[in-house]
Each structure stands twice: as structure tokens, then as C-alpha cells.
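K.L.:
Listed here are the chains, written in short residue letters.
There are 6 protein chains.
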Amino acid sequence: MTSENYKGIFSSTVKALSDVGENSPMVHLHKHGVPMPSVDRLKVFMELMHGVMFPGYFMESDIDEHNIDYYIGARLDKAVFLLSEEIRRGKCFECQVADENECTSCQLSSKEIAVEFVAQLPEIRRLLSLDVEAAYEGDPAAVSQGETIFCYPSINVMTHYRIAHALYQLEVPLIPRIITEMAHAENGVDIHPQAQIGEKFFMDHGTGIVVGGTCIIGNNVKLYHGVTLGAKSLDRKSVV
Amino acid sequence: MTSENYKGIFSSTVKALSDVGENSPMVHLHKHGVPMPSVDRLKVFMELMHGVMFPGYFMESDIDEHNIDYYIGARLDKAVFLLSEEIRRGKCFECQVADENECTSCQLSSKEIAVEFVAQLPEIRRLLSLDVEAAYEGDPAAVSQGETIFCYPSINVMTHYRIAHALYQLEVPLIPRIITEMAHAENGVDIHPQAQIGEKFFMDHGTGIVVGGTCIIGNNVKLYHGVTLGAKSLDRKSVV
Amino acid sequence: MTSENYKGIFSSTVKALSDVGENSPMVHLHKHGVPMPSVDRLKVFMELMHGVMFPGYFMESDIDEHNIDYYIGARLDKAVFLLSEEIRRGKCFECQVADENECTSCQLSSKEIAVEFVAQLPEIRRLLSLDVEAAYEGDPAAVSQGETIFCYPSINVMTHYRIAHALYQLEVPLIPRIITEMAHAENGVDIHPQAQIGEKFFMDHGTGIVVGGTCIIGNNVKLYHGVTLGAKSLDRKSVV
Amino acid sequence: MTSENYKGIFSSTVKALSDVGENSPMVHLHKHGVPMPSVDRLKVFMELMHGVMFPGYFMESDIDEHNIDYYIGARLDKAVFLLSEEIRRGKCFECQVADENECTSCQLSSKEIAVEFVAQLPEIRRLLSLDVEAAYEGDPAAVSQGETIFCYPSINVMTHYRIAHALYQLEVPLIPRIITEMAHAENGVDIHPQAQIGEKFFMDHGTGIVVGGTCIIGNNVKLYHGVTLGAKSLDRKSVV
Amino acid sequence: MTSENYKGIFSSTVKALSDVGENSPMVHLHKHGVPMPSVDRLKVFMELMHGVMFPGYFMESDIDEHNIDYYIGARLDKAVFLLSEEIRRGKCFECQVADENECTSCQLSSKEIAVEFVAQLPEIRRLLSLDVEAAYEGDPAAVSQGETIFCYPSINVMTHYRIAHALYQLEVPLIPRIITEMAHAENGVDIHPQAQIGEKFFMDHGTGIVVGGTCIIGNNVKLYHGVTLGAKSLDRKSVV
Amino acid sequence: MTSENYKGIFSSTVKALSDVGENSPMVHLHKHGVPMPSVDRLKVFMELMHGVMFPGYFMESDIDEHNIDYYIGARLDKAVFLLSEEIRRGKCFECQVADENECTSCQLSSKEIAVEFVAQLPEIRRLLSLDVEAAYEGDPAAVSQGETIFCYPSINVMTHYRIAHALYQLEVPLIPRIITEMAHAENGVDIHPQAQIGEKFFMDHGTGIVVGGTCIIGNNVKLYHGVTLGAKSLDRKSVV
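Quick note, the sequences are listed as chains A, B, C, D, E and F, same order.
Numbering-wise (my numbering), the first sequence opens with residue -4 and increments by one.
Numbering-wise (my numbering), the second sequence opens with residue -4 and increments by one.
Numbering-wise (my numbering), the third sequence opens with residue -4 and increments by one.
Numbering-wise (my numbering), the fourth sequence opens with residue -4 and increments by one.
Numbering-wise (my numbering), the fifth sequence opens with residue -4 and increments by one.
Numbering-wise (my numbering), the sixth sequence opens with residue -4 and increments by one.
Worth double-checking, as some hints may not be accurate.
Identical chains share a label here; the pair holds if one copy fits it or two copies do between them.
The calculated BS3-like cross-link candidates involving lysine-lysine, where the alpha carbons are at most 25 Å apart (straight line), are [claimed, not checked]:
id : residue 1 : residue 2
1  : Lys106    : Lys2
2  : Lys26     : Lys106
3  : Lys26     : Lys195
4  : Lys106    : Lys38
5  : Lys26     : Lys2
6  : Lys10     : Lys106
7  : Lys38     : Lys217
8  : Lys2      : Lys195
9  : Lys217    : Lys232
10 : Lys195    : Lys217
11 : Lys232    : Lys195
12 : Lys106    : Lys232
13 : Lys2      : Lys217
14 : Lys232    : Lys2
No lab work stands behind these hints, which were simulated from the structure alone.
Next comes chain A alone, as it looks inside the complex (with noise of 0.2 Å):
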């Protein structure tokens, strides 16, 4: 190949792809200066609220009973300026609004449902000690609940669920959904964050549990791997 050829295949792709077309979903042009959600920066979220509802066991530093409201305190300070910026770009990715006077007023919002989140964290950790409860009591090879904390998927996609379920009730967009996904990576559990599910709900294994939307669970409810649970899902137009 010589190299003119080269370069006439390589900028005429560079053009093909970078052809904007007429609104098509392929390309996203950033509206307002604000970047899509991150991925990388929910990551960090979800880790201090691992700190925060679990202190610890994760990350690194010794808890007692003199230093865990300073740890809990910086750890919550910055999962909500994490959370508040994220909330925000959900919402402008969704944004049909042209004017960038409203987004001021976007981002106090944004604000806004982190703090209400904040207060409702106290109740999501009631129902995660009782997941935990119910991951000891479900699974008699258990040494202890610490361990369950430490190593069952079922705990870590269940604090993914609770707090994804907490900002779809709050009506964040697109977060949420993110959130519940990185446990389905990592641990292969896909549980909508719509999903209603009651108290001391364990999965043994986990690989392959699908929870669908418009699931209600009730209390004390234990799965097994490879369930689905009302995940099927008509096609669009059939709904139409």
C-alpha cells in the first residue's frame, strides 16, 4: 500500500465519522458546557458510600469510636458535591431546553435532591443491616456478617439497588440506572432500579438474576442465581 493510499483511506473515514447528520443519535453535541455523567466519578461515589454505610471495612483507614464521625463526615461532604454535579449532567443529557438561563436553576435543584437523599440514608442503612441479616441467616456456610459486608455480591448489588432506588424515586434521570448497571458488571445481577423490594432480601451466588422494573418483592425473600423476575419486555411498538 503506498502512502498516498493511506492517507486517502484514513481522512475519508475521519469524514464519514465525523459527519454530525441531521440530529442522529450517534453523535451527542454538548449542550450548555456540561459533560456527560461520569462513569469514573460514580465509581468514587459509590465507594464512599460503601465508607459511609459500612465503616470500616472499606476503604483504608481504621475507624474507632473517636475518628468515625470526622471519616463519616468528609466522606458524606464529598459524595454529595460528587452526587450534585452528577444529578446535574443526568438531567442536561435529558434537557430539551435551549435557554442556558435555566440551568442555574438546574443546578440548585440538583443540590437540592442530593440533600434530600442525604437524609434519607439513615433508613437505606436499616434495610441494608437487615440484607445483611438475611445474608447471614440465608447462607449457613456464613462465619460472621462482617464477612457477608466484605465478600457477598448479594450485599454489594443490594447497596448499588437501595441507593438507586432512592434517587429513582427522587427523579433523577439517568444516574440511576448507571448505578445499577456497574453491579450488573461486576457481579451479573440486573436489578431495575424501578424494582420494589421489601426487607431481608438475599441472593445466594447471584450470576444471572434479572429483577424487572415493575417487580414488587416482599419481605424475607431469598433467590437463587439465574432467576428472572419479571424482566420481559414487550418491543416499543407493541406498547404503542
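Given chain A, work out where chains B, C, D, E and F should sit, using these hints.
P.N.:
Okay, now just chains B, C, D, E and F, sitting in the frame of chain A:
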């Protein structure tokens, strides 16, 4: 345990593990100074491919009409650089030729294959845009085509598969498999790069899907998680 | 929302989450200044094990007859250093002893266990070489045994399992489970470290396979994805 | 020391250090949610500037006639993005305005300044090419002009200074000083961004050179290490 | 060169360099399993110290009246954790005791020294606030005291020196020198941790300043770059 | 500013900066696909050299009599690998040959030079051990020879210089200068790799020392900071 004992156990283990044996497959002696294909570099390659196929969704930069061709060009040039080298490494891994003078021609042909791959990108992108349509149509819960690009495992897997399949058809060894295994690890979907998949393919949830190398799938197919298509292998002995 | 409201919500949430409770399992108060086992450090350990078991395939360096023993020795020494420390952390996580004077003996025994593990590596490597043969024989599409070492989930999972099983037999707490969970997260295959698996074991595709702790699997077994062997747990209550 | 003592010392130290005081300069309370300028981001900015001013020398990519404009365009676009944000942060650091409604106009003017800076880059590059000539002519040991670009502290310092000086003239606060301090830390040469330096300037060895803000240096000047030009400051009190 | 020659040269060089000699200072055989002090960890320690001394200037987080004590507390707790360990390593580096039973008491005393250091932080901060005043008063070009905190080498060097001096007075070996060498490398100012420096000290430009260990500097002193104070060492032989 | 204006300024700046000119030294067009020497890789090389020259002081691992040869061997092998490649890149940077068939011989000779360098390491180490003695004898405040190895700028600079000087004598282009510039940037000491320095050389404090390429320094010399030896360059024109 005495220090002497430890010394003995350690050095005899090192000796045993360093035994190169007679052509044992457990040790890979590098030929011609060419290293193994690098999964880390191929991850960067795939990240650049996402940035080229779906500009504005992935990688940090804002994309607008004025800068899109610069970004597409720079990303594609880096991708070609990485891909050529990985093709060369893949060839070298399976190479039986002892003569190092062959290496130069191998390096050149790797570059040519990379360029042929570049020439196919507009067609690959057309197929992916139809897969995006299929995802949006196949899941009525999807808010927009953009959401499926950013969040849906199906699109991530198909981006890996369609690229790997193109490289497979260009007779690149090893690399196509590494690329589909990346999606397998991330999303639990195992599609063989040899499989032939038509237009508008969508996988709901995904986890556990296996598509074997001999599969031929037509247009407009939707698969649910856990489905296996033609992936049952006979034993090597039964084949021979 | 006023700034005062935010201040109130934030500080009351921090207070609620910092409540250590009466021996609540949700908080892990570190004993004896020993931190939690580190998944990141265990990932480095497993990377070194790959470098020791399959020299030349993983980790960047060129391997030849002259340098192989240096690399094996240096990698193994680092691996022992990491493993001893992680064993100690695993023990400390489950330790009920308050007296810090016991800690020194615990540290020494962790080192001894690591050395006993080193002594078993040649046998573990022999088993892995048979698993490699099984993968090559079990999938006629495999080009070489080397390809299965570099690309096949089955070999990655078995490397984790055989190491975890050896540590389990040495009565190391927690660490074996963390190691098999790594493979579970990466490849969707959940093998309990207690399970007994014979020679020449191969898993095709892998995703969704579960092998329970009480399983005993003979030689020359091939499993397909999605298969569960003896992993149905009773509830803790039914066991008691 | 008892645990109680430690608790007391620690918490009273935290309390003392958390005292915000009455407008103490030791604490920077963030205004308007805008963070401090980021030295790390400005390092990336300067790396991109090196990649734009001296294509092919810095940053990993191969540069040829066909790809150079893609790389220049993509690097420059990223640099503008980073610079606008840092200008905004620099302004905010010194801002005395309480009304957040001013922030939007501040953000827009930061972007405009960044664009004015872009318009000056061809002239800055012309000056740098003359500095390269001066370095090559000034040191007979230099093998080529390229060597001075890649290795000589003088060129690194001048790249920082000429960019900082342009930003200083555009009345950007704080950022120019941070940029010259980067070169000060790396090469031990302290040039104030306000200084005026003519064409073809060369510093041999460099370490210890100080050029004050009121200096006016003509064309074709060569300085040796350790030389101070007009950098003796009076005290603030003597000035007032 | 033949491959055999290479093998010979390589292995004989390794052998020569591996010769531990009779107590050769060129090899540091680790005692008691305690590693060398870590410059990387001490850099994190100094970053935390900056975050504690000048909240809101360094480290990414927004600081306000409501969260400042959480951040100060969490940063200080991490700093104590790092410092205790580094003190222990510093002691071990110079330790002549063979008996490992001494190690536990050494570890405890390291923790105590770290706590005594914490108790001095409010005084160190008071001194630094005066150095900030001195920098602002000493350079009429400074826009604000905040600018000197964020940008001036003098403040960076003094933060290192005042912390190192406190540790020196607590008889911590090695670590104080490593800390002042960090500032030496970054800003070209070499202050011995033993030196005594009064209130309101300012160094203009800085590069090349050397302050010897026997110097006693009073209050309100301003030094220019390149000044040496009492740092001329006699030879060891002349001293003896 | 209108969006159109911005578009115009941006694209005309890109065009101006992308002008390759007639052999302008401001653009480095890569020859033969060989990239520029990498400062980052040379930093790793120097880190390995520290690990080889002063085992147990740098790099994390514990060193004892049983493992030292493994670590020396593995580090040295990696260093040779990096150095060969950097020598090749340095040669290519200055290469005037258009014929790519010469490249293979260039690659081979780079490897040979690296091996010749390896053969000199025991002598380089002997010289460094004398420099360590000189540092200990020259500064009565030094607690041990080990302290000078770990903390003193003089030893860091001499390690860079002695290695760079050996490569200079082997006629390696560019790389020796990059290595001495690393020490220049870190410690403010600028020694030309061509300079000849005898046994037992010590620099107290260091900052600002310059040693020119034509200097010949005998044995047992001690320099103070700020001293210049024979580094005054004439202009290129005066030389011609």
C-alpha cells in the same frame, strides 16, 4: 520453622517453577523480542473506538461541529497505532518462523491490515447505529437512543463484537478473541468473533448469553439473557 | 432550601451514621491496628501468581532461559510478602482475642503458612498444566494450549480456585473466599474454595457456573456454562 | 499515654485547627461553589501546550504531514477547555462580589480570554522558535535545535514564561504566576510573568536565575545561571 | 556478540552486584521485617498537613463552616496513621537492637511521638500564619495573603521546615531530614531541621538558600535567594 | 464574541500551528516509526539502577541474603530491556539515514551497547561506594553511610552522573544528557555527562553547582553549593 528451612523451600520451589521443560506450553519464550499482546493497550484501543463511533458520549471532551473532525482524526490515528502493534504481537504469538528477517514484513503487513480495518469503520458504524435503533425499539423503558448507547450492555457487547468480527475476517489471530473476551468479562455475554450477526440485533439484560462461532443470525433478532445459540463444542478427539 | 436546613440535615445524618451501636456488625472497629484484608493487594498477589505459573504470558517482561529464575524468584518473594500480610489480616478480622501480645505469634504463623503454600506451588502448577490440556482438548477451536492460558476464562478461574483451595486447606480464613470472588466477578463462575476438583477440569464459556463447597468432582470433567453443582444452601435456621 | 489522653489531644487539636476565625487568611472558604485553581490541571494544560508548540517532541503520538492538524486541533481544543476553567477559578479566588448572578458573566468572559490567548499562539510560537535558535547558537555543544527543544531547561522555562506573560497581559489573575512557578520548581529559574523579554533569549544552565517583574530585556540576550535581574523587592511598608 | 557472551556478562554482573560483603553499607538488609521509610507516603503526609494547616487551599474539597471540622479531623487522623508508621521505620533504620521483642515497644513509642506532634500543631499553625504575614508584607507585588499561601515557595518551604523542626525536637531520626529534602528538591532551599528560626520569616525567590543546622535566626528576618547561613561543614576527620 | 468568530480564530490557529514548514526544527516528524526517547521510561530505568546499586534502600521489597540475587537479576534484566530501547530511540532521533533496512542493525547495536554498559556496573558501583564514603566523611552531621545513600542529593546526583558518563563514553547520543538533566531538575546540580570526575567526590547542599563538559576533577574533591567549574560556553559563532 528455621530460616534455613525457609531458604531451602523457597529456592527449590523457584528451581522447580523455572524449569522450562521440553517445549512446555506453560512457559512462553518470547520470539524476536516481540512482547505478548497487551490487554491494557487493547482496552485503550476499545476506548478510542467508542470515542470514534459515538462521539460526545465517551472520553471527556466536549464535541461540537467545529472540533469533531480533530477529535475523530486524533483518536483514530492513535487507535491505528495501537492496533497495528497488537496485530503484530498476535501474529508473533502464533508464529513458527525462526528467521528474524521475516519480522519486518510481518510488521508491515500488520500496518496494512490496520488500514483495511479503518476502511471498514463507516460500515461498522452503520451497523452499530442499527443496533442502537434495535435496543431503543426493543426496550420500551428506554428514554432515548442516546441512553442505550451510554448505558446498555447490548451496545457495549455489539461494539466489541462487530470490531472483533471485522478483525477476524481480516484473519488477525488472537486479537479478536481477546476483544470479545473483554465484553464477556464486563457483561457476561460470550459471542465468538466468527459468528455472523445481521442488522438490528438486541440482547435484553444480556448476562449468560452465548453465541457460538458457527452461528448465523439474521436481521431483527432479539435475544434474552441466558440464551445459548450453537455453542456446544465437541471434544478435540471426537472432531479428529 | 435554606443553608440552615442543609446544615441540620447533614449533621443529623452524620450523627445517625456514626452511631457505633452495641456491637453492630455494620461498623468494623479495627483491632490491634491491623487493617482489613486488601482486595487491591490480593489482585497484585494473583498477578504475581500468574507470572509465576505461566512465565512469559503475563506481566511485561521477556522471559528466556537465562533470566527466568531471576523473575520467578523475585515475583515469588513479593508474593510471599503480600500473602503473609493478607493471611495475618484475614486472621485478625475473625480474631476474638483482646490481648495484643498474641499478635506477634499470629504474625509469625501467617509467615509459616505462606511458606507452606510456597511448598505446594509445584503441585498446583502440575494441576494447572493438566487443566490447560483439558481446555485445549475440550475446545477444538483452540489454536494452541498457549491460547487457552492467555484467553480462556476456564484457566483464569482455575488458577484462582486451585490457589484458594490450597489456602483453604491450610485453614486460612477469609482470603480464599476473596480470591474465588475475584474470579466470580471477572468471569461469572462461582466455585467455593472448599470444593474438591480432580485433574483435567474444563469449563466451556463459564458464565453462570456454580460449584458448591461440598462438591467432589472427579478427573476429566467438562462443564458447560450455567451449570450448578450442589450449591443450594439451606437456611441457617434449618441447619440449626 | 492512655487512650483517653489521646482522644483529648486529638479532638482539641481538631477544634483549634477548625477555627475559621474572623476572616483569617489561613482558611479559604469557597465562594460560589468554584474550586481553587488546580496545579494538576495546569500541568496538563502545559503538556498540551508543549504538544502544540513542538509537535512530535512531546506526548506519545507519531506526527506526520497527514495527521498533524488532527492532533494540533484536538490538543488545542482540550487546552482551551482547561484554560477557560482555570481562568474562571483564578478570577473567583480574588473575587469580592457576593452576588452569584455575576458568575455566569465571569464564566463567559473566561472563555473569551482563552480564545484571545489562542489567537496569540502563532506569535508565541514564532518567539519560541527564535529562543530555540538562540539556545542552539548559544551553546556550541548542542547537536541540533531539536536537542535544545527536548532537553534544555532554557526552552522549558521560556515556554512557561511566554505563555504566562501572554495571560498576564490579558489580565488573568493568579494563573500566570502558577505557571511560572512550575518552571521555577522544575528548573530553578524564577521569571516574573510581568517581565518583558525580547527575541532570542537564552539561559545557560539556568539554576538560580531570577528576573523581576519590572525587568525589560532586549533582543539577543544570554544569561548564565545564578544571575539576578531587578528582583529585589522593597517591603510593603516602604512602598506605602 | 553471541548469546552465550551475553549470558556470561549478565550473570557475572548479577553475581558481583549481589555480593552482600561484610556489612557493606551499599546493601540494606531489612531488620525485623520493617521496610524503609517511604518518600511517597511522606509526600501524602505533607499533602495532608497542607490540607490541615491551610484548609480550602489545597486538596480538592470545598470547605465551609459546616464541614471544616470533619475534613480537619479525617485528614489529621490519616496523617497520624502515616506519621506513626514512618517514625517507626525511621527508628528501625538506625536501630542496632537484634531482639525483635523490642519492636512492640518501639511501635508504641512511635505512636506516642506522633500524638505529641499533634499537640504542637496549633502552635505550628500560629507560626505559619506569621510567616504568611511576613511574605505578604515582604513582597509588595503580592495581591493577598492567600496568594502567598497558594503560590509562594517561601510558604511551602516553611511548612516543611516547621514540621520537620518539631519532629527533630521530638528526636525522630531520619524523617525530619527527608521532609526538608522534599522542599529542597522542589524549591531549591536547603534548611536543616535542626536550625532555629524565629517568627515572621520570609525568603524572596528562594532558590539556592542554605541554612545550616547550627543557625539561630531571630524574628522578622527576610532572606534573598542564594544566601548561605552557617552551613559550611568541616570534614568528619577535622571534627574528630 | 460570536460562535462564528471563535470558529474562525480556532481553525486558523490550528492551521498556522500545523504548518510543517521547510524542515522546521519546531516539528519532529518521526522516522521509521520509532518514537522519541521517553523521560518516563528513563525514570523507571534510573529507579531500577538505584535498586541494583543500593539494594534494600529503594524500591519496596525486603532484601536478604537469600533473595538478593533474584531481585538484582530481575531488576537488571528490566533495566537492560528499557535501556536498549531508549538507546535505539536516541540514535533514531539524530539519524540521517532514510533507508529503513538500516534500522534492524541499529536495533541490534543498541542491545550490544546496553550489554557493554552492564559489564561496567560493578566498577560504577565501586565508584559510587567511594562517593558514599566521601559524603559520610565530608559531612560530620551524617549519622551513617546509609543515611547519605537514602537522603543526600550528592549521592542521587552522582548515581545519575556516573551512569550517564558511562553511556556517554559508549557514544550513546541524547540519553546521557536526559539522565543528567533529571538530576539537574531534582537537585539543581548540572553536571555535563562528558565531565571526568575522580574517586570520592562530594557536593555539600548542591543547589546551583555546575560542572562543564571539559572539566577534569581529580580524587577527593568536595564542592559547596553554588560553585561553577568550567561551564562558560562561548557562542557557536565564536567557536566557528
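K.L.:
Now tell me if each hint is right for this structure.
P.N.:
Against the structure, the hints:
With identical chains, the CA atoms of Lys106 and Lys2 are at most 25 Å apart between copies only, with a shortest distance of 13 Å across copies and 49 Å within one. In this assembly of identical chains, the alpha carbons of Lys26 and Lys106 lie at most 25 Å apart whether taken from the same copy (20 Å) or from different copies (15 Å). Taking the shortest alpha-carbon separations for Lys26 and Lys195, neither the intra-copy value of 43 Å nor the inter-copy value of 29 Å comes in at or below 25 Å. With identical chains, the CA atoms of Lys106 and Lys38 are at most 25 Å apart within one copy only, with a shortest distance of 19 Å there and 30 Å across copies.
Taking the closest pair of Cα atoms, Lys26 and Lys2 come within 25 Å of each other only across two copies (17 Å); inside a single copy the shortest separation is 33 Å, beyond that limit. With identical chains, the CA atoms of Lys10 and Lys106 are at most 25 Å apart between copies only, with a shortest distance of 21 Å across copies and 41 Å within one. When the C-alpha separation of Lys38 and Lys217 is checked against a cutoff of 25 Å, the pair qualifies neither within a copy, at 27 Å, nor between copies, at 31 Å. Within a single copy, Lys2 and Lys195 get their C-alpha atoms no closer than 62 Å, and across copies no closer than 32 Å, so neither meets the 25 Å cut-off.
Only between protomers do Lys217 and Lys232 lie at most 25 Å apart by alpha-carbon distance; the minimum there is 14 Å, versus 35 Å within a single protomer. In this assembly of identical chains, the alpha carbons of Lys195 and Lys217 lie at most 25 Å apart only when taken from the same copy (8 Å versus 34 Å across copies). For a Cα distance limit of 25 Å, the shortest separation of Lys232 from Lys195 across copies, 15 Å, qualifies, whereas the shortest one inside one copy, 38 Å, does not. When the C-alpha separation of Lys106 and Lys232 is checked against a cutoff of 25 Å, the pair qualifies neither within a copy, at 37 Å, nor between copies, at 45 Å.
For a Cα distance limit of 25 Å, the shortest separation of Lys2 from Lys217 qualifies neither inside one copy, at 60 Å, nor across copies, at 39 Å. In this homomeric assembly, Lys232 and Lys2 never come within 25 Å of each other (Cα to Cα): the closest approach is 44 Å inside a single copy and 42 Å across copies.
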